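Chemist: Spelled out, the chains give:
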Amino acid sequence: MNDENKNKQFAEIIQTDLAEGRVLELAEVYALDAVSEEERADIEEYISAAPLPLQRDFTVRLRQARETLATAFATSQVEPPPDLLAKILSALSASSAEAPDAALAAPVTDAPRAAEANVYSGTAPDSDADQLDEFSARRARKTQLHGPSTGRRWLIGAAAAALIAVGGVAVGSTVLSNQDPTHQILSASDVQTKKVDMPGGGTATLAISHAQDAAVVTMNSVSAPPSGKVYQMWLLPKNGTAPISQGTMDAEALSRAATIEGVDAAAAFAITVEPAGGSVSPTLPPVAAVPLNS
Amino acid sequence: MGTSVAHQALQCYAAISSRTRFNTSYNPQRIAGRSLCLEAMETPKSTQFPVSGQPPQSPTGAGSEDRDMLVGLIKLTAEGDQSAFARLYHLTAKRVYGMARRVLIDAELAEDTTQEVSLQVWQSAAKFDPAAGSPLAWLMTIAHRRAVDKVRSTQSSTNREARYGATSQVIEHDDVVDTVTGQMEAESVVQCLDTLTQTQQESVKLAYYGGLTYREVAEKLGAAVPTIKSRIRDGLLRLKNCLEVS
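Taken in sequence, the protein lines are chains G and C. Per my numbering, residue 2 is the first one in the first sequence, and the count goes up by one each step. Per my numbering, residue 859 is the first one in the second sequence, and the count goes up by one each step.
It cannot be assumed that every hint is accurate.
As the list claims (entries may be wrong) - Covered stretches of chain C, going by a simulated chain G footprint (3 or more residues, C-beta under 8 Å): (1) 944–956; (2) 973–981; (3) 1052–1058; (4) 1072–1083.
Just so you know, the hints here were simulated from the structure itself, not pulled from any lab data. Remember, predicted model here, so these are calculated numbers, not experimental data. Glycine included, C-beta positions come from ideal geometry on N, C-alpha and C.
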């Protein structure tokens, strides 16, 4: 590589480099943004007027330089201010003349994901009204999960997750009744949360109260199970006996919180994909698993 | 399948999950871990489960499911889907803000930059071409450009040079591990950085984190301009070859 470079000595100014055919050698400096605005414009103008093979070569080298930088130098992670997303969403709406979806950016850092649970069950935000109608229509259907009665179920997913995000402090009793088992778990003093990524995006969140021997499971931005299938939840007993089903969730149920009991005796919680109606034993591998009591 | 095997397999998955970091962009460890649990399942006589062993070697294409997810979210964002945009933000904002903080230092300026980057992502998502580069490289390119523009417009050249001198830091192993969960991958980045000469590293970092032009880097280091251009080029090429960026 050193021999090659002897023929590629840089000049003092970019314009000379360009004139002497060294634009390719400038790809790295350009990728670093280590050029003045004027020099940047000169390089871009030169490339746009260059023969196609040179344009392609430059593009490849530039892309490689950018990937290298992203991998090696763009690695620091720092938590941004919690209200930043809300500001951005308002600005978006201003620029695209749509009403901002306030549900997407609740004030607590993790809550936006929770708010998405009631909006983004695979559908676009402006179909909320349709979603609600659908839920009312399904009121009569046999439910697969125990829980409070209908109508406000879709709110519960979001509110429950919002409660999780603020560590179990009750936020709004207008949404959940005090008798609601979900509410009781979430406001327990020993509630802990664990989260696991779901494939295809989204997360499953468990709010666990050992005092209550129960947990609330919420799905946030999780995609619907494949057609004809459901998600099934399991608790894995510590004593090594067979996994115990905790119920199933179809696409509609994703926007509701589920309560599971008997967590104290469990080594792990897992979610699998099963045929509609569920299975007697889990179909492995699970799509998500969370250790408990470990 | 016997219940004991199902039990052990679920425990294996749970243990793998507990070792991974939530909300990271690349997750080669988790993907590799899953295949290990599957192997364990297929050989039920095996009683060794990799619960506490060394992290497995990242398979080729590790992180590709995360990349696909990001590509999908960018596509949805391009169609005006605010939920997808919000999800994209959640997956990447720490990195964008981290970059902005590193370049700008000031939290408010970094916040402004992150907002500008996000708006640019919203407006230009349709222009993202997966064949032209990874989603993260696309995003961090935008982020870096914005950060540099802002630092140059808010600080004079001498201020930037002075400030960078005061805050420059060696990229430690842990910084890289934060975002690159596969231990093998993280080590290889640090090792590859070590293959650069001191002067190459210095020039690249001054330019990248300080927002300095090559000319300003040359001034600061008291080196000739062509020399600095060479160091930057050679340093990045060496890094690229070492990391096998294709």
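Chemist: Now, for every hint given, state plainly whether the structure supports it.
Modeler: Status of each hint after checking the structure:
| no. | hint | in the structure |
| --- | --- | --- |
| 1 | 944–956 | holds (count 10) |
| 2 | 973–981 | holds (count 5) |
| 3 | 1052–1058 | violated (count 0) |
| 4 | 1072–1083 | holds (count 4) |
The structure shown violates just one earlier hint, number 3.
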